[in-house]
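Model the full structure from these sequences, guided by the hints.
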Amino acid sequence: MIPAPFGYKRPGTLAEALALLREHGEDARLLSGGHSLLPLLKARLARPGVLIDIARIPGLSGITETAGGLRIGALTTHHEVEASPLVREACPLLAEAAGRIGDVQVRNRGTIGGSAAHADPASDYPAALLALEAALVASSPDGTRSIPAAGFFTGPYESALKPGEILTAVEVPSPPRGSGEAYLKAAQQASGFAVCGVAALVVPGPGGTIASARVGVTGVAAPAYRARKTEEALAGKPASPDALRRAAALAAEGVEPLDDFYASADFRRQLARVYAERALAEALRRAKG
Amino acid sequence: MASIPEAPKFIGVPIKRRDDPRLIQGRARYVDDFQLPGTLHMAFARSPYGHAAIRGVDLSKARAAPGVVAAYAGADLAGKIGPVPVAGLVPDARVPVQPVLAGGRALFAGEPVAAVVARTRYQARDAADLVEVDYQALDAVVDLEKALAPAAPRVHAQFEDNVAFRWAIAGGDIEAGLRAADVVIKQKIANPRVVPLALEPRGVLAHYLPGEDKMTIWSSTQVPHKLRTLLAQQIGMAENRIRVIAPEVGGGFGSKLNVYREEALAAYVTRELGRPVKWIESRGENFLATIHGRGQLGEAEMGLRRDGTITALRYNVLADCGAYYQLLTVAIFTLTGLMLPGPYKIPHIEMKVTGVFTHKMATDAYRGAGRPEATYILERMLDLAALELGMDPAEIRRKNFPAKAEFPYATSAGLTYDSGDYHAALDKALQKAGYPEMRRQQAEARRQGRCLGVGLSTYVEICGMGPSAALGGQGWESARVRVEPTGKVTVFSGASPHGQGQETSFAQIAADAFGIAVEDVEVIHGDTDVVPYGVGTFGSRGTVVGGSAVVFARDKVRDKMARFAAMRFEADAADIAFAGGKVFVRSAPEKSAPFARIAQMAYDAIQLPPGTEPGLEETHFFEPPNFTFPFGTHVVLVEVDPQTGEVKILRYVAVDDVGNMINPLLVRGQIHGGIAQGAGQALEEEVIYGGGGQPLNATLMHYALPKAHQLPRFELDHTTTPTSVNPLGAKGVGEAGTIGSTPAVVNAVLDALAPFGVHHLDMPLRPEKIWRAVSRARKGGPA
Ligand SMILES: Cc1cc2nc3c(=O)[nH]c(=O)nc-3n(C[C@H](O)[C@H](O)[C@H](O)COP(=O)(O)OP(=O)(O)OC[C@H]3O[C@@H](n4cnc5c(N)ncnc54)[C@H](O)[C@@H]3O)c2cc1C
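Which chain is which? The protein sequence lines are E and D, in order. Residues in the first sequence are numbered from 1 upward in steps of one, following our numbering. Residues in the second sequence are numbered from 1001 upward in steps of one, following our numbering.
Bear in mind the hints are in silico, worked out from the structure with no lab data behind them. Just so it is clear, the structure is predicted and the values come from calculations on it, not from any experiment. Ideal placement from N, C-alpha and C gives every residue a C-beta, glycine not left out. Don't take every hint at face value.
Cut-off 20 Å, straight-line C-alpha distance, at most; resulting in silico cross-link-like pairs (EDC-like, lysine to aspartate or glutamate) [stated by the list, open to error]:
| hint | chain 1 | residue 1 | chain 2 | residue 2 |
| --- | --- | --- | --- | --- |
| 1 | D | K1707 | E | D103 |
| 2 | D | K1432 | D | E1715 |
| 3 | D | K1186 | D | D1173 |
| 4 | D | K1186 | D | D1307 |
| 5 | D | K1779 | E | D266 |
| 6 | E | K42 | D | D1032 |
| 7 | D | K1769 | E | D266 |
| 8 | E | K42 | D | D1129 |
| 9 | D | K1769 | E | D259 |
| 10 | D | K1188 | D | E1388 |
Looking from chain D toward chain E, a few residues come up when the C-beta cut is under 8 Å (computed) [to be verified]:
| hint | residue |
| --- | --- |
| 11 | A1704 |
| 12 | E1768 |
| 13 | W1771 |
Coverage of chain E stretches by chain D, computed from C-beta distances (three or more under 8 Å per stretch; other residues unrestricted) [as the list claims (entries may be wrong)]:
| hint | region |
| --- | --- |
| 14 | 2–15 |
| 15 | 38–47 |
| 16 | 181–191 |
| 17 | 256–263 |
| 18 | 268–279 |
In structure tokens form, the structure reads like this:
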């Protein structure tokens, strides 16, 4: 599997990278961990003229605490997210999703920024980023903007990033106190990508009720989405298995599921319902501690 | 008085594979690791269509691309390279001529249409993209049943339909057998196409030396000598001017038991250009243009008496040949027929095969090659019968086994099984599994609404291929053994191991006879200039046939050495023994000399009496009088999630009987890999074609292989029923795991689904298929 010819640039700073991106325009692709881009190049499905390798630009990786939560540099690898004590403590959902990505090699190279920018509808992060109400920070020569996850993933392999922008970080607000979180996934048997991944975040209310719930679903439809009907059906309701089941039954309501030889739209709907129910139950169990 | 030296034995000892360190450390040398100065690289433009008319091939852009030295289309080679060789045909088979590059039509997606040769691999690949082919896409036949419809597009215009061949095998009287039955079970059963997927794809490096008019070919092959003979004919060059080297070969599973177009092209082009030519298959090409396995769609009918005794088995099957035959495409399907009775006494059998041409890559030998298909039919049918008769699956199997005393056992398919004790293997497996407890666990789980299933498969397979009468004259294997003047021993084998570990086990076989350390034996294989003419490694024959050849060659050398020692000690040659690194007189052990001393003497003719032939080197061609028939029982416990269709294998118990084991560690390794591969077919693997004949899942991102985390710890054991057809008493183990595991896993899943009334599903049992069957059943519809 041999890629078509391409040029290669390795800028030392973000500013240089942005300048190169402006210079080469459509002909350029950014390279982070390469674990989505290189397979495309090798299959000759992508033939960019220039790769701009940003993987070693200082300041774009690492995890830090902020006033409202965590800031995760775009170049932070899946493994770093999975293993980070900060992430495990503040938003275990993200660590759990990161830990379910591919295999060890993939997690050691792939980055959160690359995954988000690539916006593969079967990738794991989007479900968690949606449920955590994270924001994605993008830089361009004009400045920096923060894009809420809910508006970031716009379609299969499509995001709100504009040409010339580079993702620099992901900001994850601390989840509400006392919440429980879980990410469960049905993996495609060959690639390990999500046929259905459900990230659930449940905030228990008084007297055995659910105060609120957030459910992010990936793999089922493009783009990944919040299962709002499920969330609404749970708010303020008793946390009974029955209630969870009824709410989870709405997890694929109003979306148009993907349909391929691996899983039909019907099957994806079914997986969304079952995995939503199980993820909610698990999140609730964890919330109770 | 000296004591008799200790005689450590290496046969039967689990010695670690000596090739592992170099494999693990990345120091093994595969074809691509051979770098010759001035090497040119070959790349192909391949048909993106399953079926297309080629209205023109324009090579001008490719030829003008940087680094390109030559480019060829089908027309450029007409009459210059013979067709791809085919063997193992049945009478009246229609044989299409397979050119090395497509001519007027491309008949499968991935068929090479043009070849480009350039200075670097990258340049070759880029230039291949510049080949302009004017295709006209045509309707493709993909489905076996539709391929036989009168209006179906024809794969080969010269034949009046898509029937490739018809073949039948029968024993007893099938109609009488079915009439004698109390119940007749019928089921349509598919055994879909799968991809062998050796870790190392194919590859060839061909180097022609014009000065000497000689050619060396490094190829990732299982059959270096066969490749040499057939290539010589194909490119019109004297066989003894060609040297084929199979260096490290990263697995084959049957897919490299072949002579492929790319090998012939590399050989042709190096002779044309006088420079080395290399082609290394990409994973994508491996999916498209290396043979596939299985590919059967049949209807089985089994007759039984109420008590579970099988009276008859009929199997009518469509066999997916693909567009062209590769070396053994047709023969593989006949193996299914030969093994149709399996380990059971089935007095009346019949199998009718219709070979079908389709717009796909050829099928051919894939681990098990025809036998997994037979075992699968039997094991599925027996489970369906057990259900119908209300019998336990273990009991119905036990009921139909021949008894130990009935061996050698002649089957209704005309084979004679060498030796067997099927009851013992079944009993041991059931005991190891805790079968009654497993069933209790299953019942308990069912009460809790969980779906546990227990699956059994009892199998016998045909291997140690085999007597020459059944293999086109080439069922033997060769070995040469040389004791070097320093007392080191070199074994040259005509077999061509490619991951099985015979470098270790053949050393064990040789060391025992000479009483020397196993480290003192070197094993050489896979080089036609160095080893005696050999048949190669396939059909679980490496140890059984190749190892037996080592036994005979080794004994010839040892006998000669004993004669030399007898002269020296003035003793009787029959009284000479070898042990502990010494050669000595058994009745007078104080008369002894180091092994190396006697070896040295054999090469120092002054020390030998006049008229004695010096040297210690002997060759033997071993012809096995029969196949061998390993057998066993696999027991699997699975849990199925009825809401998502996901299957988890909870336990895997296997008791296999491969006769005597030369190296139990190698045996376990083979069983492990085999089980995993067979489970992969049961649950995940299948080449899926679109309507135009393009495989839709021809990448590792889409085609699922079994992975370690999906498998439990295998609980293995064995019984040992040696064979008498070879001096080692060994039966072969390369394919047993695959043959046993596929039906065991499928049976377990269907056992789990039994409460839903779902009794048969075709492989692979992927989650959606299971979920759909369960949902349909819950809605009260047909399963
Ligand atoms: C075998 C295998 C299995 C996998 N399994 C999974 C799985 O189970 N789940 C899963 O979610 N993923 C999986 N992946 C994908 C993996 O997570 C990728 O690493 C990830 O999707 C991309 O991140 P990257 O850093 O490798 O990006 P790259 O491949 O370097 O880039 C991907 C795309 O994003 C762009 N890009 C990269 N960085 C930025 C940035 N900072 N700003 C703007 N654009 C940018 C690139 O130009 C490119 O278009 C798998 C990959 C492989 C090879």
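Consistency of the hints with the structure:
1. D/K1707 / E/D103: Between D/K1707 and E/D103 the Cα gap is close to 11 Å, so the pair holds against 20 Å.
2. D/K1432 / D/E1715: holds, 8 Å
3. D/K1186 / D/D1173: Holds, at roughly 18 Å.
4. D/K1186 / D/D1307: holds, 18 Å
5. D/K1779 / E/D266: holds, 15 Å
6. E/K42 / D/D1032: holds, 18 Å
7. D/K1769 / E/D266: Since the Cα atoms of D/K1769 and E/D266 sit roughly 12 Å apart, the hinted pair holds (cutoff 20 Å).
8. E/K42 / D/D1129: Holds, because 13 Å separates the two Cα atoms, which is no more than 20 Å.
9. D/K1769 / E/D259: holds, 14 Å
10. D/K1188 / D/E1388: This hinted pair holds, its Cα atoms lying about 16 Å apart.
11. A1704: holds, 4 Å
12. E1768: holds, 4 Å
13. W1771: holds, 6 Å
14. 2–15: holds (count 3)
15. 38–47: holds (count 3)
16. 181–191: holds (count 5)
17. 256–263: holds (count 3)
18. 268–279: holds (count 4)
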